[in-house]
Amino acid sequence: MEPLLCPWEPATFFFISSNVPLLINYSHFVAIFSAMTISLLVFFRDPRNLLSQFFLLFSSLFSVWALLNIHLWATNDPASVMFAWSLQVLIEPLTYAIAFYLFYIFLHQQVPRFRYQLFTVVTLLPLIILLPTELNLEAVQLSTCESIEGPLAIYYSYFVNLLFTLMIVAVGVRNLPNLEKQKRLTAIYFLVGLVTFLLSFTSGNIISSFTDDWTVSQYGLFGMPVFASLIAYSMVKFNAFKIQIAGAQILVGVLWILVCSLLFVDEELFTIVVIATLIFTTVAGYLLTTSVRQEFRQRLEIEQLAIKLEKANQRLKILDQLKSEFVSIASHQLRSPLTSVRGYASMLLEGSYGKLNDKTKDAVERIAESSRMMALSVEDYLNVSRIQAGNMKYEYADFNLADTASHIVDDVRRDAIKRGLILSFKSEMKKTGIVHADKGKTMQILHNLINNSIKYTPKGSVTVFAHDSGKQIMIDIIDTGIGMSEETMSSIFGKFERARNANVINVTGTGLGLYVAQKMAEEMGGSIKAFSDGEGKGSTFRLTLPLYL
Amino acid sequence: MPTLIEFTKIYQKRSSILFWCLVGLIILSVSATYYKTLVLRDFVVIDDLEETLEE
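Respectively, the protein sequence lines represent chains A and B. Per the numbering used here, residue 201 is the first one in the first sequence, and the count goes up by one each step. Per the numbering used here, residue 78 is the first one in the second sequence, and the count goes up by one each step.
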């Protein structure tokens with residue numbers, strides 16, 4: 201037997217039929233476009249974000265509902281009507297439940313607690329279980345191709361919709377006062393938009409269900425563009441979903457569709473569409489102008505700040521230069537008298553001004569030692585000043601580093617013996633040990649490292665070991681001194697840094713020697729590294745420079 | 078007494094079970110509706126075409 205069909209042609213491509221009024225296409229496709237564009241933009245901006253995922257789910261459910269609705273208007277097959285209508289009865293409350301989740305996640309950045317989840321499932325359960333029964337849809341009328349709704353569709357589903365809408369309002373009212381100002385304003389826009397859409401959607405359907413005039417329900421869908429506009433506005437104003445530009449683009453996009461659709465509507469609908477477009481243009485225009493003004497003001501502020509920053513930067517450069525000059529001049533001024541002090545102290549000790557008694561000799565020896573220490577400190581400050589100003593000059597030449605290290609060991613051996621230490625030199629060089637570097641600076645580095653080792657070794661030995669890896673030469677200064685912790689090793693090359701246990705053996709120092717030595721080594725293409733098995737277990741400092749092949 | 082981590086795991090597990098039960102039920106229910114309406118065409122059709130035409 202041929203199935204009974206409604207009195208119009210079958211739908212082509214699921215949606216197209218002469219039975220579908222233009223208003224239906226207009227209200228549905230604008231709503232679907234608004235919802236899907238915004239949710240997809242938000243989703244692809246941050247696909248892992250829970251809010252983005254639920255926003256997309258919410259918009260998708262709504263869009264499926266709207267597509268089914270167009271199909272309901274288009275089809276002439278009662279079976280299709282019964283199936284699509286049944287799905288709508290399920291999808292509609294599901295959309296409301298997801299809207300509640302969406303707002304909850306917006307406020308708390310996490311899904312609702314388990315008790316809320318259980319409540320949602322229990323509330324939806326009768327709709328799911330009774331969906332295929334006559335409690336949902338009783339029959340279908342052939343003349344209009346409309347279903348006769350049962351108590352589940354006409355009462356329970358609307359009850360669920362209103363329940364979730366009330367829950368959204370309740371959660372909002374409870375949490376809004378606790379939010380910070382900007383988040384609160386965004387949440388208010390979100391809440392107003394969402395509730396406007398949900399109420400207009402439900403009230404349209406409720407009126408249609410009770411009056412059997414399903415044209416009324418189509419106006420309810422205009423709530424979606426309102427919601428979408430408010431979401432877009434909150435994006436522009438508060439950067440709520442971090443896609444400010446997209447928000448402005450959506451406003452323009454919706455406006456374009458509204459104006460464009462004017463070309464296709466008939467005279468009867470023209471006034472309605474013009475009014476809708478006018479309202480949207482007024483609101484969107486105001487919002488866009490406001491946001492552009494705000495952006496412009498911010499840009500002006502940023503430009504002014506950039507000018508101030510540039511001036512401050514120039515001033516800082518001048519101050520830095522002045523500081524470097526001051527340090528340099530001050531250090532030079534200190535160095536000249538110090539040279540005199542050291543010279544005269546040396547002459548006194550050599551007996552150029554007559555023989556000194558023991559007490560006087562002891563005092564002059566202290567003067568000589570202190571002035572030597574002070575000269576070294578001044579030299580360190582001068583070097584730091586030069587390094588920072590980029591004025592350190594390097595005179596490159598080829599020389600044998602292993603031999604140089606050996607000579608330095610010979611020079612400082614007397615100091616080591618004075619302290620009761622054994623200072624030795626060992627070489628296992630496979631190559632000649634020629635490097636291309638500044639000899640004076642390299643000697644300064646080695647002096648610094650060997651003297652450091654002597655200073656920080658109360659007893660035992662200091663060994664200077666020259667070896668190579670074929671491309672690089674390594675000079676290891678190995679001592680049996682106070683050692684270092686891991687923490688000290690990581691910071692020892694910083695400015696004004698000294699070993700934590702340095703004061704244990706009462707050693708004076710500026711904490712600049714290793715900083716200067718490392719900077720010099722790096723400038724010459726090498727490095728200095730420190731190794732130690734821990735405090736009290738000795739240290740090894742390694743100077744590495746590239747071999748001149 | 079379960080520790081906080083154990084509690085979180087139990088909590089996540091029961092949320093997940095609930096979610097998949099819901100998805101399963103929806104699939105079953107939609108399939109049943111599809112079978113009843115589109116395959117069996119088991120529903121009441123009020124043939125009011127003649128009445129409407131008379132009006």
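FYI, nobody ran anything at the bench for these hints, they're computed from the structure. Computed from a prediction, not measured in an experiment: that's the story for all the values here. Note that the Cβ used here is the ideal one computed from N, Cα and C, for glycine as well. Hints should not be assumed to be uniformly reliable.
Claimed, not checked - Beyond 10 Å from chain B on every Cβ pair, some chain A residues (computed):
hint, residue
1, Leu-204
2, Phe-215
3, Ser-280
4, Leu-342
5, Pro-351
6, Gly-372
7, Leu-385
As the list claims (entries may be wrong) - Partial selection, computed: residues in chain A whose CB lies under 10 Å from chain B:
hint, residue
8, Leu-307
9, His-308
10, Val-311
Hint by hint, here is what the structure shows:
With a cut of 10 Å on Cβ distances, Leu-204(A) falls inside the contact zone with chain B, its closest approach being about 5 Å. At the 10 Å boundary, the C-beta of Phe-215(A) stays outside the reach of chain B, the nearest C-beta of that chain being 18 Å off. Interface exclusion of Ser-280(A) from chain B breaks down, the closest Cβ pair being 7 Å apart, not more than 10 Å. Non-interface status of Leu-342(A) relative to chain B is broken: a Cβ of that chain comes within 10 Å, the nearest being about 5 Å off.
Listed as a non-interface residue, Pro-351(A) keeps its Cβ farther than 10 Å from every Cβ of chain B; the least gap is roughly 16 Å. With a least beta-carbon separation of about 23 Å from chain B, Gly-372(A) lies farther than 10 Å from that chain, consistent with its non-interface assignment. At roughly 32 Å from the closest C-beta of chain B, the C-beta of Leu-385(A) stays outside 10 Å, upholding its exclusion from the interface. Because the smallest distance between the Cβ of Leu-307(A) and any Cβ of chain B comes to about 19 Å, over 10 Å, the interface hint for this residue is violated.
Taking 10 Å as the C-beta contact cut-off toward chain B, the hint placing His-308(A) at the interface is violated, the least distance being around 15 Å. A distance limit of 10 Å between C-beta atoms decides the matter here; for Val-311(A) the minimum to chain B is near 7 Å, and the interface restraint holds.
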